[in-house]
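**Student:** The lines below spell out each chain.
There are 2 protein chains.
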Amino acid sequence: MTIDEAKEKLAKLQAKICAYSHALSTLYYDGSTVAPRKTVEGRARTTAILSEEIYQLSTGEDTVKLLEFLDENKEQLSKTEKRIVFLMLKDIRELQKIPMEEYTDYQMLAAKTYDLWHTAKEESNFSLIEENYEKMFAANKRFAKYVAPEKKPYDYMLDKFEEGLTMEKCDKFFATLREHIVPLIKKVQSKPQLDNSILHGNFSDADQEKLAYILMKTIGLDLDHVGLGTTEHPFTTSLGSHLDERITTNYKKDDFSCSLFSVVHEGGHALYDTGSDDELAYTVLDCGVSMGIHESQSRFYENILARSEAFCEYLFPILAEIFPEQMKGHNAHELYLAINRSEPSLIRTEADELTYALHVLIRYEIEKKIFADELKVHDIPAEWNRLYKEYLGVDVPDDKHGVLQDMHWSDGNIGYFPSYALGSAYGAQYLRKMKETVDVDGCLRKGDFAPINAWLRERIWKYGKSLTPAEVFENAVHEEFDPTVFTSYLEEKYTKLYNL
Amino acid sequence: MTIDEAKEKLAKLQAKICAYSHALSTLYYDGSTVAPRKTVEGRARTTAILSEEIYQLSTGEDTVKLLEFLDENKEQLSKTEKRIVFLMLKDIRELQKIPMEEYTDYQMLAAKTYDLWHTAKEESNFSLIEENYEKMFAANKRFAKYVAPEKKPYDYMLDKFEEGLTMEKCDKFFATLREHIVPLIKKVQSKPQLDNSILHGNFSDADQEKLAYILMKTIGLDLDHVGLGTTEHPFTTSLGSHLDERITTNYKKDDFSCSLFSVVHEGGHALYDTGSDDELAYTVLDCGVSMGIHESQSRFYENILARSEAFCEYLFPILAEIFPEQMKGHNAHELYLAINRSEPSLIRTEADELTYALHVLIRYEIEKKIFADELKVHDIPAEWNRLYKEYLGVDVPDDKHGVLQDMHWSDGNIGYFPSYALGSAYGAQYLRKMKETVDVDGCLRKGDFAPINAWLRERIWKYGKSLTPAEVFENAVHEEFDPTVFTSYLEEKYTKLYNL
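Residue numbers (this note's numbering), protein chains in the order written: chain A, 1 to 500; chain B, 1 to 500.
Okay, chain A solo, but in the shape it has when bound (with noise of 0.2 Å):
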């Protein structure tokens, strides 16, 4: 095989796997959000037929000996594709120490017991879902042990969401936010609350379908390539490639305001798919480099940017428009304020910007318990209504507004949870360091967000996986991390708002 050859090889076996990809997130996106009811036994065989063959493509002796080729000459590689080699190799090399019949099994179980998971949090029962719990997180510990067995199993399973996160760091993460962020919110209680009648009333399906598109050419996606669909618990994914994407919300008839922080939220995901290099389309590298710097900008988007001042005034007449009785006598400061009212609540997609962070604690914490088996997933629902308590001090009244509410466990993505609270963290730095360069205020009075978008596309978006999560957060703000830069950023907002 000459040098030739191989490369040609390896770009039709990227070919092949995002040809699998496509069909396999066109099958999920079908899944959630068009398909009859009770069709999912069909998706679930054709998923893991279709896993099955990603697997045997991924692992197959030919691709290994293929990948071991190349990097053994890969002087004569460009970077891209070293970059390419690198992580395949390294997935081969993770996905060869799991036993095939697992692996498969295990894509079968995700796609039942998320479709299970609907009807368990809509009829409010863990027990539906209990026993399919159990099977999802014991895998994931056998996996943990199969390719990582140096390592803390929920390390690994951290890791693969956030290159090189661990406990440790994750616990003093947290605890750095618990540190300023509890008597922010107790200083914030003692105060009297914001008023948020502005975001209540009756708001059509149709009239709030007609805000997310205007939300979404706003902040400056190309709805040429990417579409909107409604599901239970609104995402992101991308079909084939970043030039086919998708974002899902969810219209709540009494709150207009939810479908517009998922819809901006999901928007900032697909910002960054789709301001990826065309040239990484159809190879590894044409998706997110991590989960947490993937949640530093739908974050951004959703809190930073779409819940300041500066928005508010762009926003305001436009909701007036669309919602002319409910927005009579109302202005942009109210909608401002009412935003932003925080109180410790019981749904983490809906909490504030503010308490958001201690959802996602509760849910690291039960995590962290069941892999050190010091929690049974029987005993999740009692320990997430402890939690939410103790934390957040709101009593659980049922299992959909408790433990069901997320999809995150029915679909395999455990460990997943703390890229949220990181994400959240990360974007402060990007917001101080834009402001060097970029009047942030102004184009968002102006609801331009093209100089916002070229920003973050040139420092971040573009690269896809070519670089890794740490060099992608170095290459946008040229500093270290530093969580107390987000909890400063709250402390700031939080004042002025609730004069503390």
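Any given hint could turn out to be false.
As the list claims (entries may be wrong) - DSSO-like cross-link-like pairs, simulated, lysine-lysine; straight-line CA separation at most 30 Å: (1) A:Lys462 / B:Lys112; (2) A:Lys151 / A:Lys172; (3) B:Lys252 / A:Lys217; (4) A:Lys253 / A:Lys38; (5) A:Lys16 / B:Lys112; (6) A:Lys16 / B:Lys16; (7) A:Lys217 / A:Lys462; (8) B:Lys7 / A:Lys112; (9) B:Lys16 / A:Lys112; (10) A:Lys112 / B:Lys12; (11) B:Lys16 / A:Lys90; (12) B:Lys462 / B:Lys7; (13) B:Lys152 / B:Lys172; (14) A:Lys65 / A:Lys151; (15) B:Lys65 / B:Lys12; (16) A:Lys9 / B:Lys12; (17) A:Lys252 / B:Lys210; (18) A:Lys210 / B:Lys253; (19) B:Lys9 / B:Lys65; (20) B:Lys97 / A:Lys9; (21) A:Lys435 / A:Lys462; (22) B:Lys446 / A:Lys38; (23) B:Lys135 / B:Lys389; (24) B:Lys16 / B:Lys74; (25) B:Lys9 / B:Lys462; (26) A:Lys12 / B:Lys16; (27) B:Lys253 / A:Lys253; (28) A:Lys135 / B:Lys16; (29) A:Lys135 / B:Lys12; (30) A:Lys38 / B:Lys9; (31) A:Lys252 / B:Lys252; (32) B:Lys38 / A:Lys462; (33) B:Lys112 / A:Lys7; (34) B:Lys145 / B:Lys65.
Read the hints as simulated data drawn from the structure, not as lab findings.
Since we're looking at a predicted model, the values are computed, not measured.
Position chain B against the provided structure of chain A, taking the given hints into account.
**Tutor:** Chain B in isolation, oriented as in the chain A frame:
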């Protein structure tokens, strides 16, 4: 290899082929319904790659050996297994004759042409798609020569959609239709036209969608297994198996009857698909036996059932509830007259039951001429417009309302159209037979489709592809195909409607 090992391999092979088809049909459905406009490239790439996989899987050495082994030992196979092996070998022997590269290029071409058709139709510009159509027709001519060099190429195309159909049979069939229908149309045109103002007004998409779901339930579709989408051109597709079926419709703001009859038409296809025996799921027998039989179901529901006076009596009160203002002062009989108003028109899918066959005849003649090299693709629009003037007496104002109205050619479905007319004719024979044991009008008046569906399920649906089209038809009516049953049905119906 023992016979049991071979049987197990066969089951796995079928499951795999079904999984790939599932992925392809999901990509197609997504592309047609919700995908953002400029995402075709990724779908075309993935479609090409998965099609190549199916091709390899279906014609690969291992598969051929396996099927030949099973074929040699067919006395040890069940009736179902025998049929599977027969059909798979037949397809393989056909596919083997097409060079793989040409086959996959064609898949890519079809995906791109289908996408281009949307733009060409929107812009009413045939020249945009002319080159693609040329390639599509040329490829199909080549394929016909590869696969069935002993046949006239267009006979091969016809047989693909209706086993055993030839130009000779088609010519005779259409001659019988013309002989009876053309004078009938003339008589109708000499009478005062029926009033169809009841169908016109302003009908919101949301209300029409509500009606669509009511119709789907009424005709007996199980909404847990059948989904509804919207597309430019309505269609039906199974995703993976008959347990996951999708139909689409298209809402015309000023005429609710367009979507109404699309839903019932596609619903007929979906009833047929979902009615096949569950044990056929995930095998190559899990689909309709031919396009002619398929269209005989769709057009039976659309015309013979839904355009009957009895069904109008059931339907009118439903319409009056959904569209109270528009239905005010009207009644069921007016509805019946309106939906059966016959007049030569431009659009096949909106044509009445009487003139419909002439629309099909025009397409048949054009396809026949192209395959006989008597017509160039470049000259299709002129020929189209000439034939519409000759047969239907209408002037085609532009390509959008002419040659670009159907997606079939863009999709490679050349030779498909005659099935629509054949299906219509089959249906009249079903009705005559069904009436011997089922009070069809009584059922329709109550909106009770159960006895009708049971009759068709027992005689047609449940068999999937495990019988031949001829066996299915014979099984249903126990008599020869006779198109004069259909023309008599039309004569009786239109004589009453127009007091001829």
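**Student:** Checking one constraint from the list: CA of B:Lys7 to CA of A:Lys112, max 30 Å. Satisfied?
**Tutor:** holds, 28 Å
**Student:** Are the Cα positions of A:Lys12 and B:Lys16 separated by 30 Å at most?
**Tutor:** Roughly 21 Å between the alpha carbons, so the hint for A:Lys12 and B:Lys16 holds.
**Student:** Can the restraint linking A:Lys65 and A:Lys151 be considered satisfied, given a maximum Cα separation of 30 Å?
**Tutor:** holds, 28 Å
**Student:** Are A:Lys217 and A:Lys462 close enough, with their CA atoms no more than 30 Å apart?
**Tutor:** holds, 20 Å
**Student:** Keeping to a limit of 30 Å between CA atoms, is the pair of A:Lys252 and B:Lys252 held or broken?
**Tutor:** holds, 29 Å
**Student:** Are the Cα positions of B:Lys462 and B:Lys7 separated by 30 Å at most?
**Tutor:** At roughly 23 Å apart (the allowed maximum being 30 Å), B:Lys7 and B:Lys462 satisfy the hint.
**Student:** Run the distance test for B:Lys152 versus B:Lys172: straight-line Cα separation, threshold 30 Å.
**Tutor:** holds, 17 Å
**Student:** Holds or violated: are the alpha carbons of B:Lys9 and B:Lys65 at most 30 Å from each other?
**Tutor:** holds, 11 Å
**Student:** Please work out if B:Lys112 and A:Lys7 have their alpha carbons no farther apart than 30 Å.
**Tutor:** It holds: about 28 Å lies between the C-alpha atoms, which stays within 30 Å.
**Student:** Below or equal to 30 Å on CA atoms is what counts here, so check B:Lys16 against B:Lys74.
**Tutor:** holds, 22 Å
**Student:** Mind checking the alpha carbons of A:Lys462 and B:Lys112 for me, to see if they're no more than 30 Å apart?
**Tutor:** Satisfied, since the Cα-Cα distance of roughly 28 Å is no more than 30 Å.
**Student:** Check the hint pairing A:Lys135 with B:Lys12 against an upper bound of 30 Å on the C-alpha distance.
**Tutor:** holds, 26 Å
Hint compliance for this structure: no hint is broken.
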